[in-house]
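Asks: Since chain A is already given, all that's left is putting chains B and C on it; use the hints.
Chains as they are written, first to last, in the working numbering: chain A, 5 to 293; chain B, 296 to 583; chain C, 3 to 276.
Just so you know, nobody snuck in bad clues.
Label-pair ranges, simulated between beta-carbon atoms:
{"#": "1", "chain 1": "B", "residue 1": "Y359", "chain 2": "A", "residue 2": "E143", "range": "33 to 41 Å"}
{"#": "2", "chain 1": "C", "residue 1": "K62", "chain 2": "A", "residue 2": "T232", "range": "55 to 63 Å"}
{"#": "3", "chain 1": "A", "residue 1": "N235", "chain 2": "C", "residue 2": "P74", "range": "57 to 65 Å"}
{"#": "4", "chain 1": "C", "residue 1": "M76", "chain 2": "A", "residue 2": "W77", "range": "35 to 43 Å"}
{"#": "5", "chain 1": "A", "residue 1": "K126", "chain 2": "C", "residue 2": "G194", "range": "30 to 38 Å"}
Here are the simulated PhoX-like cross-link-like pairs (lysine-lysine), alpha carbons at most 25 Å apart as the crow flies:
{"#": "6", "chain 1": "C", "residue 1": "K178", "chain 2": "A", "residue 2": "K25"}
{"#": "7", "chain 1": "C", "residue 1": "K178", "chain 2": "A", "residue 2": "K226"}
{"#": "8", "chain 1": "B", "residue 1": "K525", "chain 2": "A", "residue 2": "K255"}
{"#": "9", "chain 1": "A", "residue 1": "K255", "chain 2": "B", "residue 2": "K579"}
{"#": "10", "chain 1": "B", "residue 1": "K360", "chain 2": "B", "residue 2": "K375"}
{"#": "11", "chain 1": "A", "residue 1": "K68", "chain 2": "C", "residue 2": "K184"}
{"#": "12", "chain 1": "B", "residue 1": "K350", "chain 2": "A", "residue 2": "K182"}
{"#": "13", "chain 1": "C", "residue 1": "K178", "chain 2": "A", "residue 2": "K168"}
{"#": "14", "chain 1": "A", "residue 1": "K115", "chain 2": "C", "residue 2": "K184"}
These aren't lab readings, by the way, just hints derived from the structure by calculation.
Note that beta-carbon positions come from the ideal geometry of N, C-alpha and C, so glycine has one too.
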Amino acid sequence: MAVIKIENLTHVYSQGTPFEKVAVSNVNLEIEQGEFVGVIGHTGSGKSTLIQHINGLVAPTSGKIYIDGQDLWQDKVQRHAIRFKVGLVFQYPEYQLFEQTIYDDIAFGPKNMGLDEQEIDKRVRRAAEFVGLTADMMEKSPFELSGGQKRRVAIAGVLAMEPKVLILDEPTAGLDPKGRDMILGQIKEYHETVKSTILLVSHSMEDVARFATKALVMNHSKMFMYDTVENVFAHASEIEKMGLSVPQISKVVMGLRAKGYDIPANIHTVEGAKQAILKLAQQGGMTNA
Amino acid sequence: MEKFISANGISFGYHSVDEQDKLVTVLDGLNLSINKGEFVAILGHNGCGKSTLAKHFNAVLVPYKGDVIVDGMNTHDEEKIFDIRESVGMVFQNPDNQIVATVVEEDVAFGPENMGIESDEICRRVEQALKDVDMYEYREHAPHRLSGGQKQRVAIAGVLAMRPKCIVMDEPTAMLDPKGRREVMQTVKKMNREHGMTVVLITHYMDEAAQCDRVIVMDKGEVLLDGAPKEVFTHVEMLKNVGLDVPQTTELCFELSKAGVEIPLDILEVDECVDALSDILEKKGVKA
Amino acid sequence: MLKDITLGQYFPGKSFIHKMDSRMKIIITMLYIIMLFTANNIVSLFGATALLFLFYIVAKIPVKMITKSLKPVMPIIVFTALLNMLFMGGEPIFEIDFIKITELGILMAVLMCVRIVALIAGTSLLTYTTSPIALTDAIEALLKPLNKINVPVHELAMMMTIALRFIPTLIEETEKIMNAQKARGADMETGGLMQRARALVPILIPLFVSAFRRADELALAMECRCYRGGEGRTRMKQLKMSSRDGVALVFMIVLFAAVLAGNVQAVRMGMPTL
Numbered sequence: 005m006a007v008i009k010i011e012n013l014t015h016v017y018s019q020g021t022p023f024e025k026v027a028v029s030n031v032n033l034e035i036e037q038g039e040f041v042g043v044i045g046h047t048g049s050g051k052s053t054l055i056q057h058i059n060g061l062v063a064p065t066s067g068k069i070y071i072d073g074q075d076l077w078q079d080k081v082q083r084h085a086i087r088f089k090v091g092l093v094f095q096y097p098e099y100q101l102f103e104q105t106i107y108d109d110i111a112f113g114p115k116n117m118g119l120d121e122q123e124i125d126k127r128v129r130r131a132a133e134f135v136g137l138t139a140d141m142m143e144k145s146p147f148e149l150s151g152g153q154k155r156r157v158a159i160a161g162v163l164a165m166e167p168k169v170l171i172l173d174e175p176t177a178g179l180d181p182k183g184r185d186m187i188l189g190q191i192k193e194y195h196e197t198v199k200s201t202i203l204l205v206s207h208s209m210e211d212v213a214r215f216a217t218k219a220l221v222m223n224h225s226k227m228f229m230y231d232t233v234e235n236v237f238a239h240a241s242e243i244e245k246m247g248l249s250v251p252q253i254s255k256v257v258m259g260l261r262a263k264g265y266d267i268p269a270n271i272h273t274v275e276g277a278k279q280a281i282l283k284l285a286q287q288g289g290m291t292n293a
Numbered sequence: 296m297e298k299f300i301s302a303n304g305i306s307f308g309y310h311s312v313d314e315q316d317k318l319v320t321v322l323d324g325l326n327l328s329i330n331k332g333e334f335v336a337i338l339g340h341n342g343c344g345k346s347t348l349a350k351h352f353n354a355v356l357v358p359y360k361g362d363v364i365v366d367g368m369n370t371h372d373e374e375k376i377f378d379i380r381e382s383v384g385m386v387f388q389n390p391d392n393q394i395v396a397t398v399v400e401e402d403v404a405f406g407p408e409n410m411g412i413e414s415d416e417i418c419r420r421v422e423q424a425l426k427d428v429d430m431y432e433y434r435e436h437a438p439h440r441l442s443g444g445q446k447q448r449v450a451i452a453g454v455l456a457m458r459p460k461c462i463v464m465d466e467p468t469a470m471l472d473p474k475g476r477r478e479v480m481q482t483v484k485k486m487n488r489e490h491g492m493t494v495v496l497i498t499h500y501m502d503e504a505a506q507c508d509r510v511i512v513m514d515k516g517e518v519l520l521d522g523a524p525k526e527v528f529t530h531v532e533m534l535k536n537v538g539l540d541v542p543q544t545t546e547l548c549f550e551l552s553k554a555g556v557e558i559p560l561d562i563l564e565v566d567e568c569v570d571a572l573s574d575i576l577e578k579k580g581v582k583a
Numbered sequence: 003m004l005k006d007i008t009l010g011q012y013f014p015g016k017s018f019i020h021k022m023d024s025r026m027k028i029i030i031t032m033l034y035i036i037m038l039f040t041a042n043n044i045v046s047l048f049g050a051t052a053l054l055f056l057f058y059i060v061a062k063i064p065v066k067m068i069t070k071s072l073k074p075v076m077p078i079i080v081f082t083a084l085l086n087m088l089f090m091g092g093e094p095i096f097e098i099d100f101i102k103i104t105e106l107g108i109l110m111a112v113l114m115c116v117r118i119v120a121l122i123a124g125t126s127l128l129t130y131t132t133s134p135i136a137l138t139d140a141i142e143a144l145l146k147p148l149n150k151i152n153v154p155v156h157e158l159a160m161m162m163t164i165a166l167r168f169i170p171t172l173i174e175e176t177e178k179i180m181n182a183q184k185a186r187g188a189d190m191e192t193g194g195l196m197q198r199a200r201a202l203v204p205i206l207i208p209l210f211v212s213a214f215r216r217a218d219e220l221a222l223a224m225e226c227r228c229y230r231g232g233e234g235r236t237r238m239k240q241l242k243m244s245s246r247d248g249v250a251l252v253f254m255i256v257l258f259a260a261v262l263a264g265n266v267q268a269v270r271m272g273m274p275t276l
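One chain only, chain A, in its complex shape:
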């Protein structure tokens, strides 16, 4: 069964005013449990509005959203419970930290869920471990940390709620390459261990190519595509027309194919390209590898 099911979703901002704007237009989508989905689209394409619907922060103008088969907007009590199944990490989440200790901040979500002390403690420690926070840091103030560490505390705060679906809105924005790889690695590990569904909003096609299995492309409030990463990047020229960029490697592969070399089109990572080129060279019969 699909963990997220969206039917004919449309959202219009400030309806009936001069500022009226269609943010999401007639989106139909089913995401299976356990997928790692890269969500891409230019600013204003509707991807932020779409993900806020999945968490129930924004009500649809029309259409339906089912989480785990339950209608999100059927009734208020249920919505509160369903919302805990979908964790949402906003952009620059470090700006939402407020507690006196790192431990308390991570525990904020689980406490709101009404869990008992023991369960909260277990979850906080497990979440902290996922993002590489050591036990001796737990009593420190989150405001003493570096930017990258703060962000990991904020992400842990959502992980501790152990949602079935985890949505991250550009979790690596503004970080240096090392901090970026660290966070993405931790998210990947979390995904593999917990087997939850992940939606990763990113401007970096390189990151989507490296980590995601599926890609969801939004363009001008409509869903352009939802398919495997390979199939999505095969539409490179259309994606570039939307003002997005495809990974440099995909362009190299396209260039080689344009020259007539027999290299598969579905290669989007450095490792993949290396293997394919070595294989091709070997077929030439004169490889010195």
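Replies: Chains B and C alone, transformed into the frame defined by chain A:
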């Protein structure tokens, strides 16, 4: 070439709050010079001291040891502080936090107003600066209604209106989307190529560094590598060790050469890479 | 939209009143207020109010905006009217128990209401036709003499400008933080007063932290742009008085004189006065 900024053995540190006033060194006897008209990228992981260095270039910070000479003026000389700030403009990461006024043109005028320039001249400068960054048609807009890339261009115009000789940018694209990043890079490149402006660009994006004339890599408060992008990016392993990246094409060539393929290591662009690869494949007798 | 709150009540336009120097607009508004308090009879007050309608028409501001601006002060108007109506001497036309309503009382209540309405509508016209930034500049220029007694006029104006600039940014930020905490299960809609007050903590702390960070960065950016206080600072847009402003001032003085003459005449004719 004529030196515009030179840092001669500069050291800088601050007193740690929690560890009994212990001195934490950020810059450690650093030597560096930037020539007039150059387009320089400074790379380094967070906390390597690159932002601290940038703040030395316009006397926001002064070294406790060594000298920074900007356009012939020593930043230790307190009387020259405003002359230095007039000749070296700064653009920061968060576009929201450097725009002062509620109207675009009023904000661009802020710098020249502080310099005590007369009203007619300010108007001319504001108009020119906004045209240079391609934001003239937005002159009467409210800044908070603009996109990130547009706001950052307004911030650049605010600096240009002061007519500096050099512009130092501290991660100006970190908070922008790809479109905003392209807009800002285009604007900066144009200022450098067409107006001969000296540009120092601090960034985490390797593709931006690849577009510069010169790349400086910093680590632990010192200069680790310094040279043309093609040269610097061949040090793939060294860059990875200090937490940095290289462009994907460079990484591919590096990986292939590790696997025994003879391929040049200084490839930054896609077309260059495709040509090099097809050359190699041809030599190996692979038919296209 | 919430984000546009700093435009305040400003209606952009190109009318005679819009084009006037903002300093002159403030001066004339002050004169008008003084005049309203001087006018003490029915003819003068209604005359002054009628002219105000004319100003609204000239400025192309919809007259229904007056009713909108009056809404918040309605209780005061009603209270004042009742007070005047109930406690004025004279021949009662209506009487139950201690409540005694006289003809004079009704007249006074009406005059008082007209005065308040004109006061609100007059000052609103200033904010409808002048952008906040022009108002700030004008206040700075008009208060400049206070510099001599060490009032930091430039700094106050700068604070005002920065506040106007950052209100929309901080409102947006508040919305973001609220959403982020809601996504972590924070409940802000239910519970008693104490519970709701406590629910604000996760929003207010991040907001303050962020405001301080922004202030810090802004100060650095201003320093880099050679900001060193008001001394030696010039302005791009200089406030300039034109013949238009002279005409407006003369008109206002004539009006004032007419009201004063009307007052004298009213006393002479024995009209009831406030």
